Structure formats: structure tokens, C-alpha cells
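For reference, the chains in residue letters:
There are 2 protein chains.
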Amino acid sequence: MKNIIIDTQTSPMGARGLVIKTSPNDNVAIVATPSGLKRGSIVLGTTVLVENIPMGHKVALQTLETGDEVRRYGQVIGYATRTIEKGSWVNEGNISLPEPPKLEDIKYVTPPAPNGGVSSLSLPVGLKEASFMGYRNADGSVGTKNVLAITTSVQCVAGITNFIENKIRKELLPLYPNVDDVVAFNHSYGCGIAIDAPGAIVPIRTIKNIAQNPNFGGEVMIIGLGCEKLRPERLLPDNDNQSSILYLQDERFEGFYEMVDGIMEMAETHLQKLNQRQRTQCSVADLVVGMQCGGSDAFSGLTGNPVSGFAADLIVKAGGTVFFSEVTEVRDAIHLLVPRAMDATVAQKLKDEMAWYDNYLYQGQADRSANTTPGNKGGGLSNIVEKALGSVAKSGTSPIVDVVSPGEKVSKKGLNFVATPASDFACGTLQLAAGMNMHVFITGRGTPYGLNMVPVIKVSSNSKLANRWHDLIDFDAGPVAFGEKTIEEMGWELFHLILEVASGTKKVATDKLGLYNDLVLFNPGPLT
Amino acid sequence: MKNIIIDTQTSPMGARGLVIKTSPNDNVAIVATPSGLKRGSIVLGTTVLVENIPMGHKVALQTLETGDEVRRYGQVIGYATRTIEKGSWVNEGNISLPEPPKLEDIKYVTPPAPNGGVSSLSLPVGLKEASFMGYRNADGSVGTKNVLAITTSVQCVAGITNFIENKIRKELLPLYPNVDDVVAFNHSYGCGIAIDAPGAIVPIRTIKNIAQNPNFGGEVMIIGLGCEKLRPERLLPDNDNQSSILYLQDERFEGFYEMVDGIMEMAETHLQKLNQRQRTQCSVADLVVGMQCGGSDAFSGLTGNPVSGFAADLIVKAGGTVFFSEVTEVRDAIHLLVPRAMDATVAQKLKDEMAWYDNYLYQGQADRSANTTPGNKGGGLSNIVEKALGSVAKSGTSPIVDVVSPGEKVSKKGLNFVATPASDFACGTLQLAAGMNMHVFITGRGTPYGLNMVPVIKVSSNSKLANRWHDLIDFDAGPVAFGEKTIEEMGWELFHLILEVASGTKKVATDKLGLYNDLVLFNPGPLT
Ligand SMILES: [Ca+2]
Ligand SMILES: [Ca+2]
Ligand SMILES: [Ca+2]
Ligand SMILES: [Ca+2]
Ligand SMILES: [Ca+2]
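Taken in sequence, the protein lines are chains A and B.
119 is the number that full-length UniProt numbering gives to position 119 of the first sequence; each next residue is one higher, with no gaps.
382 is the number that full-length UniProt numbering gives to position 382 of the second sequence; each next residue is one higher, with no gaps.
A portion of the hints provided could be inaccurate.
If the Cβ cut is set under 8 Å, some of the chain B residues that face chain A in the computed set are [to be verified]:
id, residue
1, Leu225
2, Cys227
3, Leu336
4, Asp424
5, Asn517
6, Phe522
7, Leu527
I should point out that these hints are in silico values taken from the structure, not numbers from a laboratory.
Note that the structure is predicted; figures quoted are calculated from it, not measured.
Glycine is no exception: its CB is placed at the ideal position from the N, C-alpha and C atoms.
Whenever a hint applies, use it, and build me the whole structure from the sequences.
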């Protein structure tokens, strides 16, 4: 992002002519002035706006003829569908959507420089000393919260698990002060589904792997009904000795309140163990950070995402794990990602995940262009190509060491690609299954996104949102757009915030307010 | 069900030889003794059990050779895959699954007798006088509960609507004593979805129509984010003048608590109107009853479903509306349903819905055989054919006056088929959209199924379950299995219970306990 050129020249008509051009050969720039720019404003010296352009939207820096490339981030984001005069507003109405990169044409050539695993001696001072206070688990993973999770094997038990969650919170948690919370993982799967369809493996391993998220300390407690298609036994960790399963249809339960007693008793055995967890000093290498964006605008790719990407690079350099996701938002930038794969196998896995999703969308008579929202467009993102180029900035610059399929767990330290839909809660749910103990969520339009299983640091791409949503945004990357701070500076700030949140010394907004969304299982298979 | 033959002869080995044979030419019967029947028990005079058979399971009444038809309900439910000796246990291990009826081979011939709409003068006394106390709405529909519903256009607002739901319940409901409850309709749709894919119409109209359920009194209140793909305006009722939409991204809201204030204010305007609703005397013709079964066993088709079907016939005779659903559970009985269609158009619609679902499953590399669960099989239902034949019994015997697609509203009085998956909450959600003001849910294995938008009467197919789940089951149809009561007697009892619950004078189990499941939107389209 060294090529960002910021021009704060004030236009003769009084508007502050602030625009951002990402790459030297771009022929559009982004209006950064919060109130937008008026007709007559002069930007980058020679471009006079011929119409009003809102914040986040693109101005043509030269006259484009029909069919000309429109370039942002040094990449083609579309072709002019009519003559676009210099100084005009460039948007989805006057540019066409390019074809996505053909997967078979992307060749994997040279392996990148060896993995960021720089020896700790050579690390910069701030990174070498960095640590956080986490809960170390028997399997070596580290929790950032101490949560009793109630896994469910089927959707019909949710009425009861909701009831139990409240009861445990009220009656048991006060007795186990080291336990932060109790969370019932309710979902829409388990019965009335085609359990043998090829797509079924995705939701099943997702539920199984979420139960093993580091924040739950290996205390797996499963509530089933008894007659469901998804057998609760399939959700147990491999080589497990301490998990427990309870069936509501168990004949020993005479009526509802006996079920409740049975579950409360089981919960206590797990709470006793969880209550003994203590935070100890952990290294950055113990972080597993899931990066996601949602409700993006044109600033996301300029501020929030690259700042998060810089923090991601720091974590990877220090030996930690970071992953990014959202297949439909990397699909159009895949030609930039394949060359970053660690080796040819990883490169192929990356392309395979794209191909799988292309086919999944095709089956539903859609394609990746269905990703962009009215909000994206309102925020200045004309199409999925422009959105994707900004979205991948949150991956930083590290080599990609591995790719995992939806619902799978990450097993390698370094930067991973975790294949998921871009749909926010489907993505977050799969990232929980992948094993994240920290979530960074970047937004431009604003979303109240919150999960109660891991801390969610909400990063805003612009200060207008951060100011308005002062109690919902944790970190404002907006100052980057105005040149007030650099990406590097803010990346370090975000890195330090991640450590504080991971240590439990700083609470994120959604934890303060108790705002939590339900998880959404990605089920590519049919209902029956 | 006049052909049920019950044999209570005690076997020489001391087991009470209770079996049920549904149709005279059946060659299997169902073990009805709660403890199952022991080897050596004699049933129906001449059949000596050659092995132990659990309750709900089938005994061969004659020796079957490989390829022989296995008949229950007078229909072929499979073919013997090896010699099955008289007195043996017939189950999924020794019978094969027949092909589903070919849709193109089912011809619609004679229209049935004119719709049950017998004139009120000719109705039996108990039906003629029957009425309930409901909330009549401006559009003529009638509510059985008085609920403030908060509709959401997108999944990310759920953290906030959950927060609001609690706050309204605590702070506002005490001020509006005529309002029963507040319910936020959270779902997993609205963004990150292919809004232009052909399948998208299903979840969209479902959300829109649920907001118009009679129990909400036409007070539609929608919470959106602002940048979602599903525009909240699409969810407004047609010709609407009193609905309200609130966007969390509205720039007038500075932070979370201002959003909360905005929503609370909007809620009050709706609560004021809802609070003025009063119950008035309504006729059976104002009932809209959705029938569903879940966690079925072999008794479901003998007790719970036909008893519910008898009650359905009473309601239809009195001019009311009843619908049944669950495409995968009628697919194998479709040859019995098409002849009941009111006219050729309805017959074709019925077949079209089957064909749509066949294709939907095919796309996901599954078929209707994916429907049966381990619990069904454990309960004695060997395959989907046997399950379907029992499942359709809940439709009673009335002609089918109309067929509506998933998410559509029912518009005709009488018996309707509302096409839905069999998956319990997907089905219930679509039945809410179809406009039900009363839900009858039949279960054999037991499920804690509960919805807070309409009362759910839970009917058990066997007394063993009803006794064990004494506080979760509302109505035990089990006595029918033992000849203690007739289907007719119990059908009338269920009918009267429906009226009491519709009047609010009797509370169902899940309302007493406050056990409610989340709705599940059926989305045949892909995520992005
Ligand atoms: Ca995104
Ligand atoms: Ca996302
Ligand atoms: Ca919930
Ligand atoms: Ca069913
Ligand atoms: Ca069902």
C-alpha cells in the first residue's frame, strides 16, 4: 500500500478535494471526503469533477472510451460500457463486470520466500516481547475465553438448550467464577437432512470441530434427542475420554424437569474442570486469528483490510496462525493469491476450493457476482472484482501455508486460507470450527456482528462509522484514509489490541453489550 | 381405519399378543404390546412369533418368498429380499424399497364428491355449535394469540433484536396486559445469499408472509440493517399503511442505545394497537390448522395421524381450513392423494410440487429415501413408503381444494396441501407463512418441538411416550392402539382441545414451560 497517493487539495468551489489512488497506473481514485465531492472540485492536480461524487466512490482520472480498462489496485476491475469523461463518477452503471480469472490458466511457478518464520532473535523488538495471557489446553491449543459450550446434535433440542443456558447462567455460573459464560450451540441441522448426500460432511464436521474450539477447554458436552439422523457419537472428538452425551429421549427422564436435572448435573462436572483453568503467559504463536469482512465499502480495501493484513503479517512473523476466508471475495483475486501458495500442493488446493464453489453456485443458478450487496454498491464498490481486490488485503503479504475445506480444522501455523462462504455468520461459524481463538471483523457500512464463543474485534474502515457507532466499533482504521496515520502504525495498534483482548484485559464492544448472533451452519446439501 | 383388527390374545409363553393389522389383505401386522412380543407368542390366531419383536415393529403373517410384496395399509411397502418365515420380524434388513409412484403415470380421473362444505344445518350437533374465542383482524383472519412480532430483513441484526425482545418483555409488556408476548423472527437469510437465484423467492415470501400471520394482528414491524441484499421494503404487506421499518444504519442513531430507543418507540406504537385486540366469538371456519408429524414411529400412522385426520375432517366439514405438508412424506402416497384433488388443476399442482422436490433432492444427490431417521427405523418404520402411508393419514379424507408452494399463503378454505420439506422447523416455518393460527404436531418417538408464534398441540402416538413425557405431550392418541378408544372418539376430543387452545382457555405444554425453537427458513438457493 506504499502507492497510496493522498491529495487534500481544496477545490475552487470550496469542497476539500480528498481522493485516494491506490496504484500508480490506476485510472480511477476514491473520494475520501466524508461529505463527498462537489462538481468542480479539482483532485490530483488536473482532474476536475464534472458531477457530484459521494464518499467512497470512484472518479475517472482520464477519459475512458467504451471497452477501456478501468483500473484500481493496479488491476482491471471492469471495462467502460460507454465513454466516461475525465472527472466523471465511475460506478456499476458505466462499467462492465470482467470474467473471473480462469482457474486452469493460473500456473503456480516459483515458491515464495521461505515462510515468515523468522527466528525469534531477528524479530523486531515489539514482536519479540509480545505475549498474552491465555488458557492453555491439554492439546496445546490456547483459549482466550473460558466458556462452557453445549453442543447439540439436532435442531429440535434448541428450546430446551435455550432454557438450560439461562438456568446455568443464573444458577451455576456464580459458583464457578473462573468460567466466563455458557453457550448453547443451536443450529438448524441434525434431522430432516440428507445425511448421506455429498454436502453433508460440511455441517457435520463443522459441529464436531466447533465443540473443540480452544475456548471450551476440551470439555465437550452434547445434547441430543435420540432419534435424529446425525448421531451424537459422530460429534465426539477422536480419542476422547471425558466428553458426555445426553439424550432427551433417554427413558430415565420422566418429563421435562428430569431432563433439566440431568443436563444440570452433567454441566456441573464440566464446569468444575473449566473453573480450574488459569490464564498463563502465551506467545503470539498461540494466537489463531480469523479475519473476516462484512458490510464493506470502498474504504475497506484501503484502510481496515490492509491494516488488518499488516497485523496478520506481524502475527505470522511471530509464529502465530492467521486465516482468511470468503471464497466469493477471493475468487476474482485468485491470480494474485496462487503465486503466494507455499508449494504446488497448496496452490492446487486453493484452486480446487474455487472450483468447488464455482460449481456450488452454478448448481443454484448463481455465480460469484451475486456476492455484492446494495450496501457495497452504495459504499462505492461497483462489483465483485473491486470488492475482492480490497477483501484479500486482510490476508497481508505472508505466504499461504495451507488451505482447508469448509468445516475443517486448521493444522499449520502461518497464514491459511479457510474456504467458506462470504455470508457473515456462515463464515464465522466455519472459522470457529477451523479453531480461531480471536476474530477480527472489518466493516465499512457497519454491522452489529457479534459471537459469544470468541472475542470479535470490530474494525471500521472509516471514521464516520466509528464516530457514529462509538459503542459498537472497537478499532477505527479510518485515520489511514486521511493520511493521519500509516497502515503500519495502525497495524501495530491493532496487533496490541488483539493481545489485550486475548488476555481478557480489554473487552470488545459486543461482549460489553452482550450482543450475540446465532451461528449459521453452512449446509450445501438438501433438506428432506 | 375401520379395518384395524386388534388381537389381544395372550401367548402361551405369557406375553400379551397384541398386534394391529390395518387392512384385510395386509401380510404384516404391528406389535402393539409396549414391552414388545417374545418368541413363541401367538398373534391373530395362527401366527407364532419365531423371534422377539419390539413394539411398533412388523411381524410376517405368512411366509414371504424373495420378491414377494410386503403389504401394510393395503399398500406395497416393499419386497422381501430373502425368504421371511411366517412369524418373523419384518424390517429394513429384509425388505427392499419400492420405486416411488411415477408422476406421469398418475392420471386424474373423477372429481371427488363436492367439498365437505356441508350446509351448517346438516352438521352434527357437536360441530354445528362449535366455536372459539379469537382475535378477529381487519383482513378477516383470526388470531389465537396476541403477539408483537419483530420481523428482520437480515441475519446480522439478530443480536440486537434478541436484546430488544428481552427488553420489551421486561419493560413494555407489563404496560400492555392484553398482549401475550413479543417474538423476534430471527433467521439466517437476507445477506450473503444469491438474491436473484431461482430459489430465493422461497425464503423471501416466507419472511414476508410470516409477518402477516393472523396472530400478529397486522402490526408489521421490520428491523433491517440498511446495506442488506433483501430490501426490507420487499417484506411489507401489499396495500399497507401502518407498517414500520427501522434501519440500524440510519444516520440518526448515534450508537447502540439510540438504536434501542428507536426500536422501543416503534414497538410502543404497535403495542398500543395490539393491546386493543379483544377475543370475540369465532366459528370453526376461522381456524387454520397446520398438521405436521415429527419423530414418527409405527404407531403414528395408526393412532396420532388418523386421530388428527379425523379432527381435520371435522374442521373442514365446519368450513374451516386445514393443511398438511412434508413433500418427502407424501411422495410415496401421491397415487392416493391425486384422486382426492378437487379438480384437474389441483391434481397437476400436487404433481408439480412432487416433481420440484424430486429435482431439488436430485440436485443435492439425494432422494426421498433420505427422509427416514434411525428413530423412525427404531420405532418400526422400515422405509419412507411405510412412513408416507402413515403420514398422510393426518390429512383425513376431505378433498384437496388447493396446493400452495413453499412460503406461499393459503387462500382457500378446506383441506390444502402446503408444500414443505418434512424437516420439522423448516416445515413449521413455512406453515406459519401459509397462515396457520393453530398447529397440531404428532410424534411417536418424542420431540420437544415448540413455537412461540402459534400454539402447538403435541399429540403422542403411543401412551408410553405420553406417560413418560407427561408435561411435554398435550394429547395422547395411544389408547386407540389398544382398542380403548376409537379414532372417532379421540378425533372429537382433539377437536375440542383445539377449540380450547384457540380460545386461550387451555395452554399447551410448550407455552406453559416457555420452550420455543427458532424458526428455520427453507432456502433452496446458494449462499455467496
Ligand atoms: Ca467480506
Ligand atoms: Ca463476510
Ligand atoms: Ca436464538
Ligand atoms: Ca413427518
Ligand atoms: Ca416433520
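Here's how the hints hold up against the structure:
1. Here the hint on Leu225/B is kept, as its CB sits about 6 Å from the closest CB of chain A, short of 8 Å.
2. About 2 Å separates the beta-carbon of Cys227/B from the nearest beta-carbon of chain A, less than 8 Å, and the hint is met.
3. Hint status for Leu336/B relative to chain A: violated, with the closest Cβ pair at about 20 Å, above 8 Å.
4. Annotation: interface hint on Asp424/B holds; nearest CB of chain A at approximately 6 Å, less than 8 Å.
5. The beta carbon of Asn517/B comes within 5 Å of a beta carbon in chain A, closer than 8 Å, and the hint placing it at the interface holds.
6. With a cut of 8 Å, the hint placing Phe522/B at the interface with chain A holds, because the nearest CB-to-CB distance is about 6 Å.
7. A least Cβ separation of about 4 Å between Leu527/B and chain A falls short of the 8 Å threshold, and the interface hint therefore holds.
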